[in-house]
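Line order of the protein sequences matches chains A and B.
If you use the numbering used here, the first sequence corresponds to residues 1489 to 1836, in order.
If you use the numbering used here, the second sequence corresponds to residues 1489 to 1836, in order.
Note that these hints are calculated values from the structure, not bench results.
Check before you lean on any hint, since a few could be wrong.
Note that the list lumps identical chains together, so a pair holds whenever it fits in one copy or between two copies.
[Stated by the list, open to error] Restricting the straight-line Cα-Cα distance to at most 30 Å, the calculated cross-link-like pairs of lysine-lysine (BS3-like) are: (1) Lys1606 x Lys1506; (2) Lys1606 x Lys1499; (3) Lys1506 x Lys1635; (4) Lys1606 x Lys1507; (5) Lys1500 x Lys1606; (6) Lys1635 x Lys1606; (7) Lys1797 x Lys1637; (8) Lys1746 x Lys1821.
It should be emphasised that the depicted structure is a prediction, and the values quoted were computed from it without experimental measurement.
Chain residues, written in single-letter form:
Protein chains: 2
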Amino acid sequence: MTQNLTQLGEKKLLQELKKYMGNAEEIIRTFSEDTAVIDPGGRSYQLYTVDSLVEGVHFRREYMPFFYVGRKAIKVNLSDIASMGGTPNYYLVSLGLPPDTPVQVIEDIYEGMYSVAKEHNVHLIGGNVSASAQLFIDITVIGTVLKNKIVQRNGARNGDPIFVTGQLGSSAVGLNLLKEGFRLLGDGLIFPKKERDSHLVQEAILNHIDPPCLIDLAQKLALTSTVTSMIDLSDGLCPDLTEICRESKVGARLESEKLPIAPAALYWERKRNRDPRILALHGGEDYHLLFTVNRKFREIFMRRIKPLKIMVYEIGQIVPRPEGIQVVDAEGKSHSLEDGFQHFQVKQ
Amino acid sequence: MTQNLTQLGEKKLLQELKKYMGNAEEIIRTFSEDTAVIDPGGRSYQLYTVDSLVEGVHFRREYMPFFYVGRKAIKVNLSDIASMGGTPNYYLVSLGLPPDTPVQVIEDIYEGMYSVAKEHNVHLIGGNVSASAQLFIDITVIGTVLKNKIVQRNGARNGDPIFVTGQLGSSAVGLNLLKEGFRLLGDGLIFPKKERDSHLVQEAILNHIDPPCLIDLAQKLALTSTVTSMIDLSDGLCPDLTEICRESKVGARLESEKLPIAPAALYWERKRNRDPRILALHGGEDYHLLFTVNRKFREIFMRRIKPLKIMVYEIGQIVPRPEGIQVVDAEGKSHSLEDGFQHFQVKQ
Chain A
1489 MTQNLTQLGE KKLLQELKKY MGNAEEIIRT FSEDTAVIDP GGRSYQLYTV DSLVEGVHFR
1549 REYMPFFYVG RKAIKVNLSD IASMGGTPNY YLVSLGLPPD TPVQVIEDIY EGMYSVAKEH
1609 NVHLIGGNVS ASAQLFIDIT VIGTVLKNKI VQRNGARNGD PIFVTGQLGS SAVGLNLLKE
1669 GFRLLGDGLI FPKKERDSHL VQEAILNHID PPCLIDLAQK LALTSTVTSM IDLSDGLCPD
1729 LTEICRESKV GARLESEKLP IAPAALYWER KRNRDPRILA LHGGEDYHLL FTVNRKFREI
1789 FMRRIKPLKI MVYEIGQIVP RPEGIQVVDA EGKSHSLEDG FQHFQVKQ
Chain B
1489 MTQNLTQLGE KKLLQELKKY MGNAEEIIRT FSEDTAVIDP GGRSYQLYTV DSLVEGVHFR
1549 REYMPFFYVG RKAIKVNLSD IASMGGTPNY YLVSLGLPPD TPVQVIEDIY EGMYSVAKEH
1609 NVHLIGGNVS ASAQLFIDIT VIGTVLKNKI VQRNGARNGD PIFVTGQLGS SAVGLNLLKE
1669 GFRLLGDGLI FPKKERDSHL VQEAILNHID PPCLIDLAQK LALTSTVTSM IDLSDGLCPD
1729 LTEICRESKV GARLESEKLP IAPAALYWER KRNRDPRILA LHGGEDYHLL FTVNRKFREI
1789 FMRRIKPLKI MVYEIGQIVP RPEGIQVVDA EGKSHSLEDG FQHFQVKQ
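Please construct the entire structure, taking both the sequences and the accompanying hints into account.
Pasting the structure below:
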């Protein structure tokens, strides 16, 4: 192979690397970019996940306070455990730091991680610190899930309705606004120019900088025993749905009119003469849950979540694999879709 | 705090970060830079460790083939599990890669890791790949150890003899030779100039590039049930002995004439008019084991390792804490020592 990473693409690389994965009997599921499942015997599985935030790739210090870098770094990992219905228990942190990094920066990162971990009773058990030209935070999270409550990505079946747990596109708008010069400073927002709709700016930037933490929500959904597949929306609706479809060997049909588009995405994308649905379909890092429900248990699911006050949006349906992933518009016209987001198209 | 990392130093930073560590009942030991111990119930502990290799800090691609980068990256982690007497079971790999990285480089790294992991029946269960300006490899290893066989760093007591399992200083000489332009190319070595003692060059460079893997040796030592503390020699004899002394709340007296100095260190350091004992005391990355034996069981220990054909060198004795760490020379003169090696003094 003489290709480089940009040419090959991250998803394909991770497929290539599957050949190195272990195949011992107790290894239920190895992974690339999400969660490994080990059966240690007993009633629960062990879950393991690892993910990094790299400065200049996943965030820039100009617009992301390090406290929030820490919060986000652990949230993206907890999110992977959560989307299997799991409970995170422990985390390990490996930091790469330029030698001139002020100690306060490291304290801020640890305080940020701790603020999230404490809330969810997740314990730091180890850490490594290494010199590095570029700041990176690599977190491993260890969790458990009851064997009969695990939700994976491979359980979606033809006819299953597709849901998301929140409005889409807000984080992507937030990132765009940060690139345009809007900033979060101190406890509030300071704008470089007057903006009428400052609450929409604030909402979008906060969703990007401090996304929701999905643990409680995902566990409640898993406990309904009706969810057939689940994933957290990190890469974006289309790429993450593609992942469910690949793992479950199915296709999907989304109804574009049913997509819950965040008000900030509606406002800002229209203002820029762009179709906000594109951002809802392809914008990354909203960190809501995308899941499917057994088509036979749709009503039971709805009854079970009602007292829990969980807001869900039904956005489409699983279809047979040959149909691929399609988006049907208001006129019933069908559009097929490409994967949206790849880390190697450096995004910051 | 307005200090930066270089001013504070890595060891002190890791002490600072201890305040964020979890304190749940089942957490037997949290860590900085080595291994966490969790009690899941039953007869064994779970062990967790994480460590990184960063290009330009821990290796340079000019002299370190990526296959060996992969081997070393996993060995330094397995080594931490091993030095507690544990058995590594699984590993997770988080790679940071410049987008123009040839795919072959990634394959080489994975092949290297796999070549070590396979030999020791350790299974890859997950991986993450992230864009990064600088190449880094961050590995988490998960292992187990029988509760009654665990060896920690805090068990050394006054009078315990101190041992190492191999000759010292070779890896540090190897690194110096690499910096001077000696290279490992293909299966052998190509030198920029004629060298009479080429086998010493080869030995030193190979020890730096492909250090020993300690799993079997460490387990055999732990099974003698006479070892009171153990650590792998990653930072160097003095810094690693300092770690044992700090954790065990003791001091140590080394006898400089008993230090097993690697022939390469003897030859090259004398050639450069330097005292090879300095390198033996402070040179990093030999990846032998440093351990203490219960002073009452010294003879039992010797009897038990004899049939196993384990080579050990007795280099000194644990003393009361107030004496600190001292090196006694042939004339009986005592020298006190500073910590040698800190990652933030960038070493490549």
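Task: Enumerated hints in conflict with the structure, sorted upward - done: none
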